[in-house]
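Undergrad: Please arrange chains B, G and S on chain A, whose structure you already have, making use of the hints.
4 protein chains.
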Amino acid sequence: MRVKLIAYTPEPEKVCAVSAYTSISEKGPADRFEEYDSKKGEKVLRHVVGYGHHSVIEHASFTFAVEGISRACSHQLVRHRLASYTQQSQRYVKFKDLDYVTPAKIEANKGTKEIFDNTMKQLADAYQKLIDLGIPPEDARYVFPNAAKTNIVITMNARELLHFFKLRCCLRAQWEIRELANRMLIEVKKVAPVIFEKAGPSCVQLGYCPEGKFTCGKFKEVVDAYKSLEEDDIEKLSKLGD
Amino acid sequence: MRVKLIAYTPEPEKVCAVSAYTSISEKGPADRFEEYDSKKGEKVLRHVVGYGHHSVIEHASFTFAVEGISRACSHQLVRHRLASYTQQSQRYVKFKDLDYVTPAKIEANKGTKEIFDNTMKQLADAYQKLIDLGIPPEDARYVFPNAAKTNIVITMNARELLHFFKLRCCLRAQWEIRELANRMLIEVKKVAPVIFEKAGPSCVQLGYCPEGKFTCGKFKEVVDAYKSLEEDDIEKLSKLGD
Amino acid sequence: MRVKLIAYTPEPEKVCAVSAYTSISEKGPADRFEEYDSKKGEKVLRHVVGYGHHSVIEHASFTFAVEGISRACSHQLVRHRLASYTQQSQRYVKFKDLDYVTPAKIEANKGTKEIFDNTMKQLADAYQKLIDLGIPPEDARYVFPNAAKTNIVITMNARELLHFFKLRCCLRAQWEIRELANRMLIEVKKVAPVIFEKAGPSCVQLGYCPEGKFTCGKFKEVVDAYKSLEEDDIEKLSKLGD
Amino acid sequence: MRVKLIAYTPEPEKVCAVSAYTSISEKGPADRFEEYDSKKGEKVLRHVVGYGHHSVIEHASFTFAVEGISRACSHQLVRHRLASYTQQSQRYVKFKDLDYVTPAKIEANKGTKEIFDNTMKQLADAYQKLIDLGIPPEDARYVFPNAAKTNIVITMNARELLHFFKLRCCLRAQWEIRELANRMLIEVKKVAPVIFEKAGPSCVQLGYCPEGKFTCGKFKEVVDAYKSLEEDDIEKLSKLGD
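Protein chains in written order, with the numbering used here: chain A, 16 to 257; chain B, 16 to 257; chain G, 16 to 257; chain S, 16 to 257.
So that you can see chain A by itself, here it is in the shape it has in the complex (with noise of 0.2 angstroms):
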């Protein structure tokens, strides 16, 4: 999968702490963006964000975009309702190969791997042979998989991302998903460092596991990765749900 930030806020930060100050003084928001100070400013924007005070970074968005998850992802993802999405159409697009995701556990395998490559094959082959058929596309689409790679724009503003953080960022969260959060958490700490610096599943955020029977149990190695989290830490990430 490839995510990429290709747009945001400018000055996230700022425009957050700038709504905070509003809230509990007399001077008003056009007057304090001109005369910000960001050193007190982040200082009130790590206060508030700790507090759980989160209606103020609603006003930071950010858009991504993501080429090549799944269907099966994709319609896990848009779930998520507080949120806009635009995504590529199986009805108007005629595809002219199948493109697929294939899960690791079915990789690391050679007797799955093959059952699943020759299933996307027979697939593939279903599809162009209905398209040549006649059948219309949006029809034809019936025989495609999960599997199938799919791309999407995504905005989400920071209150939100935290949420989704918590959730799919979590080892509980399919591994498809888990990446995907894990890849965007990555893009949005370079811009909003202080919004996001403790962001990531819920227990990061939490400072305890709330899932229950049901946690992972790994509850130190987890908080120790969000520690710092960079570019090349996606496959130890990916790495600790197994």
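Check before you lean on any hint, since a few could be wrong.
Repeated chains share a single entry, so a pair holds when one copy, or any two copies, can fit it.
Capping the alpha-carbon separation at 30 angstroms, the derived lysine-lysine pairs in DSSO-like fashion look like this [unchecked claim]:
#1 Lys242 <-> Lys128
#2 Lys204 <-> Lys235
#3 Lys205 <-> Lys144
#4 Lys109 <-> Lys233
#5 Lys233 <-> Lys42
#6 Lys125 <-> Lys54
#7 Lys111 <-> Lys144
#8 Lys55 <-> Lys164
#9 Lys213 <-> Lys144
#10 Lys204 <-> Lys233
#11 Lys251 <-> Lys205
#12 Lys144 <-> Lys204
#13 Lys55 <-> Lys136
#14 Lys111 <-> Lys251
#15 Lys228 <-> Lys111
#16 Lys58 <-> Lys19
#17 Lys228 <-> Lys128
#18 Lys42 <-> Lys109
#19 Lys228 <-> Lys54
#20 Lys235 <-> Lys254
#21 Lys111 <-> Lys136
#22 Lys251 <-> Lys204
To be clear, the hints were calculated from the coordinates, so they are not data collected in a lab.
Note that the coordinates shown come from a computational prediction; the quantities given were computed from them, not determined experimentally.
TA: This is chains B, G and S only, laid out in the frame that chain A set:
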């Protein structure tokens, strides 16, 4: 597919009419509720809905049990974000059989039907083999097709339903979600006939087609079809789109 | 203030439990609904709500008629965006009297009460004079105070209610919206006792206070107070915050 | 009032056009973003917005610093739920002065203006006296009027803005929120001229007035006024409603 209205706000039109009164009079809604006159109430409601002041009909909520739609359809459905969904999980359910939806245009032709059914059989076999080789359901399901049947519980309020019908009863929507929308509309018309009096695709609600050059060109037929809608009309409505 | 639950999803806990089943079994929700066993269902629901998997309880919706809260309170209330409201308009209603809410701390003292009541009298006079001089109600109301009484119809689903109670039953919330939240909680506990079993302020729902140095310091008293909540407890709850 | 656009998605129209492409082509959004051709992009965007397919313009977000609107106006404003707000608190801010908004119709007449100003003076005095007698600001503010000035930070995406303008630029909206909407529209037209090309009240966006017998009757004048909108036009627009 099977669509059943399993719950809804009792006396939905009374609740909405009382709300409409609340905004324009000194008398409070608790009193209004006790002394409600349904004839006057319906008049107010018809008026309010007619002028597009739809916020009052948000107070009426409808819950549907939906069985046997395809995952292609459910993926479109859950893009409507002002609603609540609980869907059957392919991660946690280990399927014994692969139930699937066959598009009518594929069904209609012996050649295409054979390709389709064979492909489904191959997929079901591949899924089973992967499971037998120790692949967890959440990964084995990557071979499952868009055609795979799913179950889902949907809750929408009347305002969102009107919007949903606008888009999804339209002949430009895919046939499967169109059937779903029509079945839902038939159900709610029974219990909230005033609110849904003029419900249907955009052209029915607006009195003209807003799709410009993408119009289906069947304005008159569509408007006629929605004049009185009953269970037996599902097939007729489905055929309109052919 | 007067708070009356005028409508709600019938059998709310059955609807939510059936939804919970839907996500983890092959059997569909329409069948489940017909053969529901309330004992087993409640167990599933208690489990699901307990682990914070709250999406299933969105299917249960509750509508309240609220009379006689202040505009200060309604302005706070409508900031909760995942809800539906219909409020008495000050633009379209020409008021004969100015009904108003007096804060308890002002009521408690003869001096402050006198200042307050006189001010209200001056405001009512000014409003009337402006109306008499031909100023339309939508402009004359600019003299009306935050204390002015208003009526409002509120619809929230159970998930949003739990969140609302977390914030607004908290002793750090303003006394008026706290009373409103407590009255709403008492109403819904009667009809959905399992869903709202552990409802209340954050500390009651989480088992600890998340407010850090802003804590009210009354954790034990608050947790005790919410153990069994009945109509007669409103005053006791109000006093907790003094 | 003062309305300043303090932040927005950079290159908003590029982001939205790239999203539009994503849904109808095999090529992914990250690649599209790199090789963007603004002329073709604008054509696509104009087309998409024109047909009312507004989901793609949700990816562009706009943040406004607003100073000096009345609490009457802010109470209307925050009823738009698909948006983010941070408002100056009357609970936590202890006000030294009472700044207030005077409606033009009250300002226009010496008699009404005197009544209004005297009333504001009485209110400010009462507030100060209550504070001096130990009443906390959150209770003393119950005497504050709807006219009291407030500051607020607003973030809306382009889709919600189009909807907001439909309702609030309409001559049937109250003059104050109409001025706010017009000022916001002027700001966003500068940075996203294609998206907001036909923005304005319903009649401007639809080409007809949907208000039926409640129409203002000034269709032609209104449509003309929104043809080219600049800062100097605020007064002209305000007068249209008289």
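Undergrad: Taking the numbered hints from earlier one at a time, note which ones the structure violates and give those numbers from smallest to largest.
TA: 1, 3, 5, 6, 9, 12, 13, 14, 17
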